[in-house]
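Engineer: The lines below spell out each chain.
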Amino acid sequence: MSIRVIKPGMQTTIQADPRIGSRHLGVPASGAADPLSLALANKLVGNALLAPALEVTFVGPRLRFECRAQIALTGASAVAELNDEPVAFHETINVSAGDELMLFPADVGARVYIAFAGGLIADEVLGSMSTYLPAGLGGFKGRALLEGDVLQLGETAPQTVELQTPEKFRPPITARWMLRACRSVETSLLQDGQRGVLFNTHWKVSRRADRMGLALEGATLKVDSDGRLPSAPVFPGAIQCPADGVPFLLAVDAQTTGGYPRVAQVARADRHLIGQLRPNDHLLFLPRQPDEAIDELRAKHDFWRQWLPGIETVI
Amino acid sequence: MTSNAQRLFACGDDLITITVDNPVDAQKLSEYLRLSGEWHEAVAGIDSVVVQFDAALVDLHSAMQMLEGALAQDFIGDDRDDSNYSDDGLVEIPIVYGGEFGPDLDALCDQLGLTRDEFIALHTHDEHRVDMLGFTPGFAYVDGLNETRDVARLAEPRLHVPAGSIGIADGRTGIYSLQGPGGWRLIGRTPLTLFDAHADDPFLLYAGARVRFKAIDKSDA
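Which chain is which? The protein sequence lines are H and A, in order. Under this note's numbering, the first residue of the first sequence carries the number 1, and numbering increases by one thereafter. Under this note's numbering, the first residue of the second sequence carries the number 1, and numbering increases by one thereafter.
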């Protein structure tokens, strides 16, 4: 029941549910950067929506199966081959012992998810099996995969059903994104007219983009800040702006507290999209009142619940 | 006196910040809210607590009302019970000051009008308290260095700050537990491990812990 890593890819980690309840100790959520794609992959192999699976960043791995398995691919747009033959995303794939899966670099979007029926065996730390690389927590030995690693699959009843994600439940992967966002604690520190700049600029994702956060280019924001705010809690989706005016967007592995002004907060309904942002992607923030954003979250849940019961635990 | 409702501010569609007067209140309130089991997260800052609620089930207005109820419970204000902050030992933090480990020390001394030795004497003189953990696992915010209250964070944070780095900002000392990005002015480094994922208790320090800094030579680090 094992899988051998022939090539690890650029940064391939095991991700599952977020690590909840330890933020006050400085331990971030982690979990899939794009949990909706993780859930879609797990759905196709009969797993719990957030069962441990592989999160692939830009450049995928080459894996050799040493057992039969059912797998599924979702997320960023990339070419995948099983024994040099193309295989499709968004459907159950039956794999035999000896087969090799090759995932080529993603051309749109940032992260591909590979789910395995039965899930991957992973280290559980502070209540989650997700990998948090900066502290070496969870997943496979707390680190990204390396050549020669052997992954173990969890037990599963043989699944005979083969599924395809219905067309309307395949999230569009694009290079142009819109994220709904609300005011945050220090929005009032934006100087006159700067809130308009925040919400009207077509931001570009810089090269400084990872699971902790993404720096944005395209404008500089003028904030009334002398760099001496008392450190305060921050969450994934926060948009913070240091005195140099270059805002950054926090992602799933982000720090739990910080001292740069929090000028906006991406709404819960759209935070999963942050995991597919890649350098040079374009990004527009859409202003929302909190109540509007909550209504939109519930509408999004109602839509996704038709295919993914339990979606409210995912996004 | 600020009314409880005035302390609350929605900072997202599932986040509410609660303004408090000091780090001890922030710790006590956040602990109370965590133990209530009603919040996804309740995280303390220096002078605030932020809760995350489940917006799929709870409206913003209801969440605000729940918090007003919690704040009415006397967790802030009157007879402050400091029992969580009992003397359970002093942790000595050895630091190699300056040089490659503290690239901002000289500029900081210039700003403060102190020599390097005067600054080190000041930093190692008194006992301090850990106000909170945060940022990354085990990063400790240490209180009470009033002489540095005008020291700002870097306008452009560094991408790579080594684990064990000691930073100064806003009247506090920060101890970086992991290698990573950071914006505090770096004055030195400690050889201590602040966070060890494989230890029974991964955290060296907790909010309320007493610490004292001690200057050591590079050869002792």
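Treat the hints loosely; a few may be bogus.
Where chain A lies over chain H, by a calculated footprint (3+ residues, C-beta under 8 Å) [stated by the list, open to error]:
1. 8-18
2. 33-41
3. 202-208
4. 296-304
Residues from chain A shown here face chain H by an in silico Cβ test under 8 Å; the list is partial [as the list claims (entries may be wrong)]:
5. 9
6. 14
7. 30
8. 32
9. 34
10. 35
11. 134
Ranges of calculated distance between the beta carbons of each label pair, as one might list FRET restraints [as the list claims (entries may be wrong)]:
12. 217(A) - 282(H): 34 to 40 Å
13. 118(A) - 104(H): 37 to 43 Å
14. 9(A) - 302(H): 38 to 44 Å
15. 162(A) - 168(H): 55 to 61 Å
16. 222(H) - 150(A): 52 to 58 Å
17. 198(A) - 148(H): 36 to 42 Å
18. 217(A) - 104(H): 35 to 41 Å
19. 221(A) - 220(H): 54 to 60 Å
20. 279(H) - 162(A): 21 to 27 Å
21. 121(H) - 198(A): 16 to 22 Å
22. 200(H) - 215(A): 50 to 56 Å
23. 9(A) - 107(H): 52 to 58 Å
These are computed hints drawn from the structure, not numbers from a lab. All values reported here derive from a predicted model rather than from experimental measurement. Ideal Cβ positions, reconstructed from N, Cα and C, are used throughout, including at glycine.
Engineer: Honestly, which of those hints from before does the structure not fit?
Structural biologist: 1, 2, 3, 8, 10, 12, 13, 14, 15, 16, 17, 18, 19 and 23
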